[in-house]
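Student: If you read the sequence shown in UniProt numbering, its first letter stands for residue 1, the second for the next number, and so on.
Possibly wrong hints are sitting among the right ones.
[What the hints assert, rightly or not] Lysine-lysine pairs mimicking DSS-like chemistry, simulated, CA-CA at most 27 Å apart: (1) 129 <-> 154; (2) 164 <-> 120; (3) 129 <-> 164; (4) 72 <-> 154; (5) 93 <-> 164; (6) 154 <-> 93; (7) 202 <-> 164; (8) 164 <-> 154.
[Stated by the list, open to error] Simulated restraints on C-beta separations: (9) 5 <-> 137: 12 to 22 Å; (10) 100 <-> 201: 17 to 27 Å; (11) 49 <-> 175: 19 to 29 Å; (12) 14 <-> 199: 17 to 27 Å; (13) 16 <-> 172: 41 to 51 Å; (14) 113 <-> 216: 25 to 35 Å.
Calculated from the structure, these hints are not laboratory results.
Just so you know, even glycine gets a beta-carbon here, dropped at the ideal spot from N, CA and C.
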Amino acid sequence: MFRSKPISLALPPGSPQRINEPNYKGIHSFILRLMLFYSKQSTSIRAANVIYRRVVSQVENPLVYEVFRLEKAFRTTFSILVVHMWLCLRRLKVEGTEGVELGQYVYEIFNHDLEIRVSKAGVNLLLFKWMRELEKVFYGNIIAYDTAMLLDAKPDELHNAIWKNVFSDDGSPTFDAAALPAVLAFSRYVRRECTCLSLTDKESMFSGNFMFTNIYNPNTPG
1 MFRSKPISLA
11 LPPGSPQRIN
21 EPNYKGIHSF
31 ILRLMLFYSK
41 QSTSIRAANV
51 IYRRVVSQVE
61 NPLVYEVFRL
71 EKAFRTTFSI
81 LVVHMWLCLR
91 RLKVEGTEGV
101 ELGQYVYEIF
111 NHDLEIRVSK
121 AGVNLLLFKW
131 MRELEKVFYG
141 NIIAYDTAML
151 LDAKPDELHN
161 AIWKNVFSDD
171 GSPTFDAAAL
181 PAVLAFSRYV
191 RRECTCLSLT
201 DKESMFSGNF
211 MFTNIYNPNT
221 PG
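Working from the sequences, and respecting the hints, build out all of it.
Tutor: Shown next as structure tokens:
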């Protein structure tokens, strides 16, 4: 799985899944400009929301858990969220300061969503402490994935990081042999998405008009 040639993830112009900026005219446009609707900050926040919705759409796809044999629990969902956030932030960073600034808006939306998810999981007391711990995990994972993608990284460094951060229940570096095929498949998926995103144009990334690779179960009949 995930051995096919990487392609751009940009949505074509006529795709019903595209989300475009509203093009108001006349008095509506005048009022919105007075309200700073078209300011750089407002435009960036809207784009960041679309980008994050693309992330969540992929992470909440039941097939992600089915294909990679993962239990749908808070920890697993958080780990997969981090992977896809890293993929987006990594791609945006390539565009320099402008991309980093947009990535910061995406991260702030992620943090807000994460706080809601933590509360829904039943954590109401010591919420701030939980968020601080998850922030440490987030940045720890990001560093591990960035390191694994360096040119001089060891061949097994990425799937070791994925095993530890996504598949292992306790962060143990020791592999579960039964999980190895799923870990390797997830590693191929991550590498392929990195390349696909690198082929995705700036406009599509900055507007959120891209979709992660469609995941399907090859064992499903038909």
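Student: With reference to the structure, classify each hint as holding or not holding.
Tutor: Each hint tested on the structure:
no. : hint                    : in the structure
1   : 129 <-> 154             : 35 Å, violated
2   : 164 <-> 120             : 25 Å, holds
3   : 129 <-> 164             : 23 Å, holds
4   : 72 <-> 154              : 30 Å, violated
5   : 93 <-> 164              : 25 Å, holds
6   : 154 <-> 93              : 24 Å, holds
7   : 202 <-> 164             : 32 Å, violated
8   : 164 <-> 154             : 16 Å, holds
9   : 5 <-> 137: 12 to 22 Å   : 34 Å, violated
10  : 100 <-> 201: 17 to 27 Å : 18 Å, holds
11  : 49 <-> 175: 19 to 29 Å  : 38 Å, violated
12  : 14 <-> 199: 17 to 27 Å  : 20 Å, holds
13  : 16 <-> 172: 41 to 51 Å  : 44 Å, holds
14  : 113 <-> 216: 25 to 35 Å : 26 Å, holds
In summary, the structure is inconsistent with hints 1, 4, 7, 9, 11 from the numbered list given earlier, while agreeing with the others.
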